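2 protein chains.
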Amino acid sequence: MSFLPKLTQFVDNHQEEYIEALRQWVAVESDSSDITKRPELHRMMDMTAEKLRLMGGKVELVDIGKQELTNGDVISLPKVVTAQFGNDPSKDTVCVYGHVDVQPAKIEDGWATDPYNLTDINGNLYGRGASDNKAPVLAWIHAVEAYQALNIDLPVNVKFLIEGMEETGSNGLDAMIMAQRETFFSDVDYIVISDCGWLSKRPALTYGTRGNCYFFAEIEGPKQDLHSGVYGGTVIEPMTDLIGILDTLISPSGTILIPGIREAVAPFSDEEWKMYQDIEFDIENYKEKIGISQLMYSNKVDLLAHRWRYPTLSIHGIEGAFSAPGSKTVIPAKVTAKFSIRQVPNMDPAVVKKQVTDYLHSVFAKRKSPNKLKVTMIIGAKPWLADTQHTLYEAGKAAVKRVFNMEPDLIREGGTIPIARTFQDVTGKSIIMLPIGGFDDGLHSQNEKMSR
Amino acid sequence: MSFLPKLTQFVDNHQEEYIEALRQWVAVESDSSDITKRPELHRMMDMTAEKLRLMGGKVELVDIGKQELTNGDVISLPKVVTAQFGNDPSKDTVCVYGHVDVQPAKIEDGWATDPYNLTDINGNLYGRGASDNKAPVLAWIHAVEAYQALNIDLPVNVKFLIEGMEETGSNGLDAMIMAQRETFFSDVDYIVISDCGWLSKRPALTYGTRGNCYFFAEIEGPKQDLHSGVYGGTVIEPMTDLIGILDTLISPSGTILIPGIREAVAPFSDEEWKMYQDIEFDIENYKEKIGISQLMYSNKVDLLAHRWRYPTLSIHGIEGAFSAPGSKTVIPAKVTAKFSIRQVPNMDPAVVKKQVTDYLHSVFAKRKSPNKLKVTMIIGAKPWLADTQHTLYEAGKAAVKRVFNMEPDLIREGGTIPIARTFQDVTGKSIIMLPIGGFDDGLHSQNEKMSR
Numbered sequence: 001m002s003f004l005p006k007l008t009q010f011v012d013n014h015q016e017e018y019i020e021a022l023r024q025w026v027a028v029e030s031d032s033s034d035i036t037k038r039p040e041l042h043r044m045m046d047m048t049a050e051k052l053r054l055m056g057g058k059v060e061l062v063d064i065g066k067q068e069l070t071n072g073d074v075i076s077l078p079k080v081v082t083a084q085f086g087n088d089p090s091k092d093t094v095c096v097y098g099h100v101d102v103q104p105a106k107i108e109d110g111w112a113t114d115p116y117n118l119t120d121i122n123g124n125l126y127g128r129g130a131s132d133n134k135a136p137v138l139a140w141i142h143a144v145e146a147y148q149a150l151n152i153d154l155p156v157n158v159k160f161l162i163e164g165m166e167e168t169g170s171n172g173l174d175a176m177i178m179a180q181r182e183t184f185f186s187d188v189d190y191i192v193i194s195d196c197g198w199l200s201k202r203p204a205l206t207y208g209t210r211g212n213c214y215f216f217a218e219i220e221g222p223k224q225d226l227h228s229g230v231y232g233g234t235v236i237e238p239m240t241d242l243i244g245i246l247d248t249l250i251s252p253s254g255t256i257l258i259p260g261i262r263e264a265v266a267p268f269s270d271e272e273w274k275m276y277q278d279i280e281f282d283i284e285n286y287k288e289k290i291g292i293s294q295l296m297y298s299n300k301v302d303l304l305a306h307r308w309r310y311p312t313l314s315i316h317g318i319e320g321a322f323s324a325p326g327s328k329t330v331i332p333a334k335v336t337a338k339f340s341i342r343q344v345p346n347m348d349p350a351v352v353k354k355q356v357t358d359y360l361h362s363v364f365a366k367r368k369s370p371n372k373l374k375v376t377m378i379i380g381a382k383p384w385l386a387d388t389q390h391t392l393y394e395a396g397k398a399a400v401k402r403v404f405n406m407e408p409d410l411i412r413e414g415g416t417i418p419i420a421r422t423f424q425d426v427t428g429k430s431i432i433m434l435p436i437g438g439f440d441d442g443l444h445s446q447n448e449k450m451s452r
Numbered sequence: 001m002s003f004l005p006k007l008t009q010f011v012d013n014h015q016e017e018y019i020e021a022l023r024q025w026v027a028v029e030s031d032s033s034d035i036t037k038r039p040e041l042h043r044m045m046d047m048t049a050e051k052l053r054l055m056g057g058k059v060e061l062v063d064i065g066k067q068e069l070t071n072g073d074v075i076s077l078p079k080v081v082t083a084q085f086g087n088d089p090s091k092d093t094v095c096v097y098g099h100v101d102v103q104p105a106k107i108e109d110g111w112a113t114d115p116y117n118l119t120d121i122n123g124n125l126y127g128r129g130a131s132d133n134k135a136p137v138l139a140w141i142h143a144v145e146a147y148q149a150l151n152i153d154l155p156v157n158v159k160f161l162i163e164g165m166e167e168t169g170s171n172g173l174d175a176m177i178m179a180q181r182e183t184f185f186s187d188v189d190y191i192v193i194s195d196c197g198w199l200s201k202r203p204a205l206t207y208g209t210r211g212n213c214y215f216f217a218e219i220e221g222p223k224q225d226l227h228s229g230v231y232g233g234t235v236i237e238p239m240t241d242l243i244g245i246l247d248t249l250i251s252p253s254g255t256i257l258i259p260g261i262r263e264a265v266a267p268f269s270d271e272e273w274k275m276y277q278d279i280e281f282d283i284e285n286y287k288e289k290i291g292i293s294q295l296m297y298s299n300k301v302d303l304l305a306h307r308w309r310y311p312t313l314s315i316h317g318i319e320g321a322f323s324a325p326g327s328k329t330v331i332p333a334k335v336t337a338k339f340s341i342r343q344v345p346n347m348d349p350a351v352v353k354k355q356v357t358d359y360l361h362s363v364f365a366k367r368k369s370p371n372k373l374k375v376t377m378i379i380g381a382k383p384w385l386a387d388t389q390h391t392l393y394e395a396g397k398a399a400v401k402r403v404f405n406m407e408p409d410l411i412r413e414g415g416t417i418p419i420a421r422t423f424q425d426v427t428g429k430s431i432i433m434l435p436i437g438g439f440d441d442g443l444h445s446q447n448e449k450m451s452r
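Listed in order, the protein sequences are those of chains A and B. The numbering of the first sequence is full-length UniProt numbering, which starts it at 1 and goes up by one. The numbering of the second sequence is full-length UniProt numbering, which starts it at 1 and goes up by one.
In isolation and in its complexed conformation, chain A is listed as follows:
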């Protein structure tokens, strides 16, 4: 490892160039949710491919098909960039996943700076996509570049898989991964994802994400909306029924009341408890960030456990009822509640679907309502959990220790990164999430930044 001081010296010397590269990438408004920005997104994929090509990588722009819009229009999905550096069969092959599309951002949303003009304020680089996920992608590319510039042999073969639809659900990526299982992925040993953040100021490795089962509960009554003055008192209102069954899902103290859900959760071991106890996490800072006076739990372990390794149920809203400002005296005829349950080991979405459906029908039956209930599960994403004893995590820990001179926290994500589970299921390989962003980077929010 005698080349390491040279490498870090090189990286330090080229910091301004790296920031300039990030500035160029942030300047591209590659918002995947806004179809009017699609040309920018295509340009972003081309720029990514070109950068890797100039470094001598074996680069492909993989066509992953079309996207059908709600208005019936069909437009091209941004191509996926794959690249390969080295194909020595005696070396392991690491595949780095990342994305170069971004969430929407407008200065009038409350940005202090132009979100598409990377701005350095006290060493924090503000700009949309700075942390999620353009800088982390560039960090991996620049790492390879540094080895090349110094003529140091890469210790592993490196592959890149860079997509442009992550922020809107990675449309087309699952199919592409499955299609390339025996080709691009055939020699991949490890997969690294740097699309997540630390929990605190301490570096972290992420070894799990929660899945998500998303439900629609629709109650239909009259054939059309009714005037609440003229009909109120004579009809059994779908909205009252819906509120009634929604109120049976979760207790005020956060307990999911659907039978079978809690029983399926993997037991919380003493070792795990100990590990959670050692993780650096500032409850007061967390409360302040959210802007609330009291959390669901008052101690660190319970809080982190319910964020990462216990299921939770959120009611997102109701479609079909009156939701505008002002007043309207309507009895909505058909109302659909949207709620979701975050999945953890050892829950199984297929079982959860049945548990939720059966339970809601049983509580609805007790109301003796003539209205009709329909329960559908529209997303059933499994959780992902890696073995932290695996070589990949040992390597990750060693790398963090070398750079930061401290042990990383081993953490999970409360949210869902379905691609991790897809990689695991399709390739059977080990995955590590190695966050490069800080805990306060403001992903998806105003004033997103990446610290130097």
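Source of the hints: derived by calculation from the structure; they are not laboratory data. Bear in mind the structure is a predicted one, so any value in this text is a computation, not a measurement. One should not assume that every hint holds.
For chains that are exact copies, the list does not tell them apart, and a pair is met inside one copy or across any two.
Straight-line Cα separation of at most 25 Å, BS3-like style, residue types lysine-lysine; simulated pairs [as the list claims (entries may be wrong)]:
hint, residue 1, residue 2
1, Lys401, Lys91
2, Lys328, Lys287
3, Lys223, Lys201
4, Lys58, Lys429
5, Lys201, Lys397
6, Lys353, Lys401
7, Lys91, Lys6
8, Lys37, Lys66
9, Lys300, Lys368
10, Lys397, Lys274
11, Lys289, Lys368
12, Lys106, Lys66
13, Lys287, Lys274
14, Lys354, Lys374
15, Lys328, Lys366
16, Lys300, Lys287
17, Lys106, Lys374
18, Lys328, Lys223
19, Lys223, Lys300
20, Lys300, Lys289
Fit chain B to the supplied structure of chain A, relying on the hints for placement.
Just chain B now, kept in the frame of chain A:
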């Protein structure tokens, strides 16, 4: 009354002219909710005034001020037309209230005919505003005209009060009525409103309407919307709290659970029960029209009583939660439920406001949530109830009997017609609602019609 046969003959002979007058009025798209149609609405008021002026009435177009739009623009309200025919102090004075603005209508909403081109199909005259309220207004005008044409002295002095903002809340009318209390209304003895419908094929007189107390219940938690994956399980969600308190408002069988509400309702007397029992009402037809298999009550008396003379509570919707089609994994930070309670004698909106506010705060307190609840009552409209033994109702019954050769049903409206209560409170005079429209006229719906 020897002139009556002459009068009815005259009316029959002029039916086509009356329909032509209605055709001209229906052709004016006097939609008060659409400000781009405001010039048409002004034209409609001018046409109304002109018609009354040509008949020799003492007509005024009363300026009732401006309307401030949500975008800050200020536009003129349509003037109110007042007219007077006769001022003999030895006669009683009857004031007829009506409106010539209409609800929106577009052929693509599902109209079989052009809504602004009055179309006669089998004796039903289809067109927006045909029944609500242009034909009834014209009927009263044409009645006066018939007396004039035949040179018969009007048995009473007749006044007209015709407005153009009824469909959007009679903006400006309350103030105008109060301002003219000692002038236009000083000699008014009776007020007649024909802005309602029959209950069945049998003619009806309406002697009561329900009022309405409309509430906003807002629960505020985090300072901004949160991602349900990242934060779910650690925060006490405002939406769960809101569903929890909404579920305590009304039972599945329609009982309002707020203490004090039921106790305030005027007792249902045996005489009233008997009267309800005699009213013509087709439950099967009502069910079919709504498109439901089972109503809240299965017998006529309970059904009508809960439609007219008992309070009811409807939950209209929630603002601030996710209400669009599709899925979104959001924990809404601030959610506001909209619900209303229909008011009946002897409920008092001021008392109801306190009952609802105290109750919601007490059930919310039991949840021990750190979120903040705010309850506001944005509308507090009282019910209106007339004495059916009054001369006015005797006259109404006699008139119906003469024309239709049957006794009218004495009915109420479940909805709120605030102007009735305002007339009662400001003028202290008796009001009668004398519906001219049929029970199946489709007010506010597609294919509104008025039968010949």
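Now for the hints, and whether the structure bears them out:
no.	hint	verdict
1	Lys401 with Lys91	within (23 Å within a copy, 102 Å between copies)
2	Lys328 with Lys287	between (36 Å within a copy, 23 Å between copies)
3	Lys223 with Lys201	between (56 Å within a copy, 23 Å between copies)
4	Lys58 with Lys429	within (22 Å within a copy, 91 Å between copies)
5	Lys201 with Lys397	within (16 Å within a copy, 83 Å between copies)
6	Lys353 with Lys401	neither (43 Å within a copy, 63 Å between copies)
7	Lys91 with Lys6	within (22 Å within a copy, 111 Å between copies)
8	Lys37 with Lys66	within (16 Å within a copy, 43 Å between copies)
9	Lys300 with Lys368	between (44 Å within a copy, 20 Å between copies)
10	Lys397 with Lys274	within (18 Å within a copy, 85 Å between copies)
11	Lys289 with Lys368	between (45 Å within a copy, 22 Å between copies)
12	Lys106 with Lys66	neither (27 Å within a copy, 36 Å between copies)
13	Lys287 with Lys274	within (23 Å within a copy, 63 Å between copies)
14	Lys354 with Lys374	within (13 Å within a copy, 37 Å between copies)
15	Lys328 with Lys366	neither (30 Å within a copy, 30 Å between copies)
16	Lys300 with Lys287	within (12 Å within a copy, 56 Å between copies)
17	Lys106 with Lys374	neither (39 Å within a copy, 32 Å between copies)
18	Lys328 with Lys223	within (19 Å within a copy, 27 Å between copies)
19	Lys223 with Lys300	between (50 Å within a copy, 22 Å between copies)
20	Lys300 with Lys289	within (16 Å within a copy, 57 Å between copies)
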